[in-house]
Amino acid sequence: MARSRDDRIELLQGTLDLLILKTLVFGPAHGRGIAKHIEQTTSNVLSVEHGSLYPALHRLERRGWIAGRWETGPKINREFKYYRLTAAGRKHLVAQQSKWEQLVSAIAQVLRPATEG
Amino acid sequence: MFSRLLSRTRPPTDDEIARELRDHLELDAEELAERGAGDDARFAAQRRFGNVSLTIEATRDEWGELRWRRLAQDLGTDIAYGIKRLRHAPGFALLTVLTTAIGVGATTAIFSVVNAVVLRPIPVADADRVVAFYETNPTNNAWTTSDPNFLDYRERTRSFATMAAVAGRSAGGFAAVALLLAVIGLFGVVSFTVQERVPELGVRLAFGATPHRIVRLVMRDAGTVVAIGAVIGCVSAVLLSRFLSSMLFATATTDPPTYIAVVFVLLASAAVASYLPARRAGRVDPLVAMRER
Numbered sequence: 006m007a008r009s010r011d012d013r014i015e016l017l018q019g020t021l022d023l024l025i026l027k028t029l030v031f032g033p034a035h036g037r038g039i040a041k042h043i044e045q046t047t048s049n050v051l052s053v054e055h056g057s058l059y060p061a062l063h064r065l066e067r068r069g070w071i072a073g074r075w076e077t078g079p080k081i082n083r084e085f086k087y088y089r090l091t092a093a094g095r096k097h098l099v100a101q102q103s104k105w106e107q108l109v110s111a112i113a114q115v116l117r118p119a120t121e122g
Numbered sequence: 386m387f388s389r390l391l392s393r394t395r396p397p398t399d400d401e402i403a404r405e406l407r408d409h410l411e412l413d414a415e416e417l418a419e420r421g422a423g424d425d426a427r428f429a430a431q432r433r434f435g436n437v438s439l440t441i442e443a444t445r446d447e448w449g450e451l452r453w454r455r456l457a458q459d460l461g462t463d464i465a466y467g468i469k470r471l472r473h474a475p476g477f478a479l480l481t482v483l484t485t486a487i488g489v490g491a492t493t494a495i496f497s498v499v500n501a502v503v504l505r506p507i508p509v510a511d512a513d514r515v516v517a518f519y520e521t522n523p524t525n526n527a528w529t530t531s532d533p534n535f536l537d538y539r540e541r542t543r544s545f546a547t548m549a550a551v552a553g554r555s556a557g558g559f560a561a562v563a564l565l566l567a568v569i570g571l572f573g574v575v576s577f578t579v580q581e582r583v584p585e586l587g588v589r590l591a592f593g594a595t596p597h598r599i600v601r602l603v604m605r606d607a608g609t610v611v612a613i614g615a616v617i618g619c620v621s622a623v624l625l626s627r628f629l630s631s632m633l634f635a636t637a638t639t640d641p642p643t644y645i646a647v648v649f650v651l652l653a654s655a656a657v658a659s660y661l662p663a664r665r666a667g668r669v670d671p672l673v674a675m676r677e678r
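Those sequence lines, one after another, are chains W and B. Note that our numbering numbers the first sequence so that position 39 is 44, with each residue one more than the last. Note that our numbering numbers the second sequence so that position 8 is 393, with each residue one more than the last.
Be aware that a few hints might be false.
Some but not every residue of chain B turned toward chain W, in silico, with C-beta under 7 angstroms [unchecked claim]:
#: 1; residue: E405
#: 2; residue: S438
#: 3; residue: A443
#: 4; residue: W448
#: 5; residue: E450
#: 6; residue: V562
#: 7; residue: Q580
#: 8; residue: H597
#: 9; residue: D670
The set of hints was computed from the structure by calculation and includes no laboratory data. Think of the CB as a built atom: it goes at the ideal place given N, C-alpha and C, for glycine as much as any other residue.
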């Protein structure tokens, strides 16, 4: 299950922003929770280092796409900074996601032509 | 709309960013411990985690110039709080402001003039051949020379190549005395003000404030009030020194180092004057502190 470090892929900038927004659709989470979620859903293919995670979180917070608040966790009696998606963030996510899907399908078309000449 | 923008764009302090990262690292460590990983594994995980201070810096940079705005806001809050205290305890606060203002004003004004007239080297050739002489007077010990006397000396001298009069000599002593008086006065006013607050500080202690926070609170309050006084003092000193120098026929340029030095001395005196009683107040039993008065 655990992959060696070489198999992991560092995320492109901007992509991480998209993944964070998507993760928060399922509910508020703190920084580590978001990182864990991304790593686990991709079976550890994607690694999220704090060096890119926290700048990204604060970049999104500054733009107003997510909102951070210090709160006590649901299972643990301790305060963490929980992030949640804002209405503007949801709108931004929808736009970015469709852009991303267009990009992926465009690249796929080039890499795997449907019919060979 | 405006308030929503404000609350949304409030940048975090460095402490908050550091706390977020620390939480992250602690949870990692806890998870590793739960899985029964040895110290080696934990150490490796920590190393893998990379440079935390770099992350803090990068995260802080995401906020750009907003951080400066926050610092300015906090400063504004402190000043607003100082003014509020001024209204609450107008007597003491006003006394502090006045003491500081007069102290800074008088000292810097006098010193600027003295500096321009006396302490700057006299523009003569062969400075090593220059000597100073004074008059003494058995009856009243005055040591200034009147204009006619000076003119007579210059006329009849054979020992000196030439002669010049220097004014304002005794003002240097005035400046030192003024500063000393200001320091003593400020020290007294500030430590008395803090002493007056001991019951209030006792309440804060009873509600769980740490001695450290008490000291910080008291010193910030004193600092704000003294800073307000210093600003008023500096402004009036500039005006006063212009006036004095025009009376002494000298060009007293506003001398920034003097202002900085005097303000620094007074702030330091206020810091000591508030620190000592605050530390004492932080140590006593809250019940005793509340009963005092």
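Going through the hints against the structure:
no., hint, in the structure
1, E405, "5 angstroms, holds"
2, S438, "11 angstroms, violated"
3, A443, "4 angstroms, holds"
4, W448, "6 angstroms, holds"
5, E450, "11 angstroms, violated"
6, V562, "54 angstroms, violated"
7, Q580, "37 angstroms, violated"
8, H597, "21 angstroms, violated"
9, D670, "30 angstroms, violated"
Violated hints, listed in ascending order, are 2, 5, 6, 7, 8, 9; each of the other numbered hints is respected by the structure.
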